[in-house]
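Asks: Please build the complete structure, drawing on both the sequences and the hints.
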Amino acid sequence: MCLAIPGLVVKVDGLKALVDFGGVRREVMLTLLPREVKPGDYVLVHTGYAIEVVDKEEAEEVWKLLKEAGIA
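The working numbering puts the first residue of the sequence shown at 1, with every later residue one more than the last.
Don't read these hints as lab results, they were simulated from the structure.
All values reported here derive from a predicted model rather than from experimental measurement.
Every residue, glycine too, gets a C-beta built ideally from N, C-alpha and C.
Just to be clear, a hint being listed does not mean it is correct.
Think about it this way: if two alpha-carbon atoms lie no more than 35 Å apart in a straight line, the pair counts; the simulated DSBU-like pairs of lysine-lysine are [what the hints assert, rightly or not]:
1. Lys38 / Lys64
2. Lys56 / Lys11
3. Lys16 / Lys56
Distance ranges between label pairs, derived from CB positions [what the hints assert, rightly or not]:
4. Gly14 / Ala69: 33 to 43 Å
5. Asp13 / Glu68: 33 to 43 Å
6. Gly40 / Leu15: 15 to 25 Å
7. Thr47 / Gly70: 13 to 23 Å
8. Arg26 / Glu60: 14 to 24 Å
9. Thr47 / Asp13: 16 to 26 Å
10. Gly14 / Gly70: 32 to 42 Å
11. Gly70 / Glu36: 31 to 41 Å
12. Gly23 / Gly70: 14 to 24 Å
Replies: This is the structure we're talking about:
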């Protein structure tokens with residue numbers, strides 16, 4: 001089982017992006033994504049890699065579930 005955390009792409013630099021996770025920003029690799037991302041996109045991140053692009057509603061729902069589970 002893996003846990004993917006949603007984040008907001010703030011800046012893209014080639015195959016890396018700066019992603020905001022509720023106020024905490026981390027550099028994330030984009031090499032596993034099938035399409036380019038841009039600032040404002042939401043991605044699911046696992047172990048430093050963006051694994052899926054999601055819409056804002058899905059990202060917010062995942063954050064809600066993580067908070068309810070006491071993980072976030």
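Asks: Does the Cβ-Cβ separation between Thr47 and Gly70 fall within 13 to 23 Å?
Replies: 21 Å, holds
Asks: Given a hint of 33 to 43 Å, does the C-beta separation of Asp13 and Glu68 actually sit inside it?
Replies: 34 Å, holds
Asks: Is the gap between the beta carbons of Thr47 and Asp13 within 16 to 26 Å?
Replies: Once the Cβ atoms are compared, 20 Å apart, the range 16 to 26 Å for Asp13 and Thr47 holds.
Asks: Given the range 14 to 24 Å, decide if the beta-carbon distance of Gly23 to Gly70 lies inside it.
Replies: Roughly 18 Å apart at Cβ, these two residues keep to the hinted range, so it holds.
Asks: Given the hint of 14 to 24 Å, is the C-beta distance from Arg26 to Glu60 inside that range or not?
Replies: Because 19 Å falls inside the window, the suggested range holds.
Asks: Is it true that the C-beta distance of Gly70 to Glu36 lies inside 31 to 41 Å, as the hint says?
Replies: With a Cβ separation near 35 Å, Gly70 and Glu36 satisfy 31 to 41 Å, so the hint holds.
Asks: Does Lys16 pair with Lys56 here, judged by a C-alpha cut-off of 35 Å?
Replies: Measuring from Cα to Cα gives roughly 20 Å; hence the hint holds.
Asks: Taking only the CA atoms, is the gap from Lys56 to Lys11 under or equal to 35 Å?
Replies: Measuring from Cα to Cα gives roughly 17 Å; hence the hint holds.
Asks: Taking the beta carbons of Gly40 and Leu15, is their distance inside 15 to 25 Å?
Replies: For Gly40 and Leu15 the Cβ distance comes to about 18 Å; the hint holds.
Asks: Quickly compare the C-alpha distance for Lys38 and Lys64 to 35 Å and report which way the hint goes.
Replies: 24 Å, holds
Asks: Hint says 33 to 43 Å; check whether the CB-CB distance for Gly14 and Ala69 agrees.
Replies: For Gly14 and Ala69 the Cβ distance comes to about 34 Å; the hint holds.
Asks: For the range 32 to 42 Å, tell me whether the beta carbons of Gly14 and Gly70 fit it or not.
Replies: With Cβ atoms ~36 Å apart, the hint holds.
The structure shown violates none of the earlier numbered hints.
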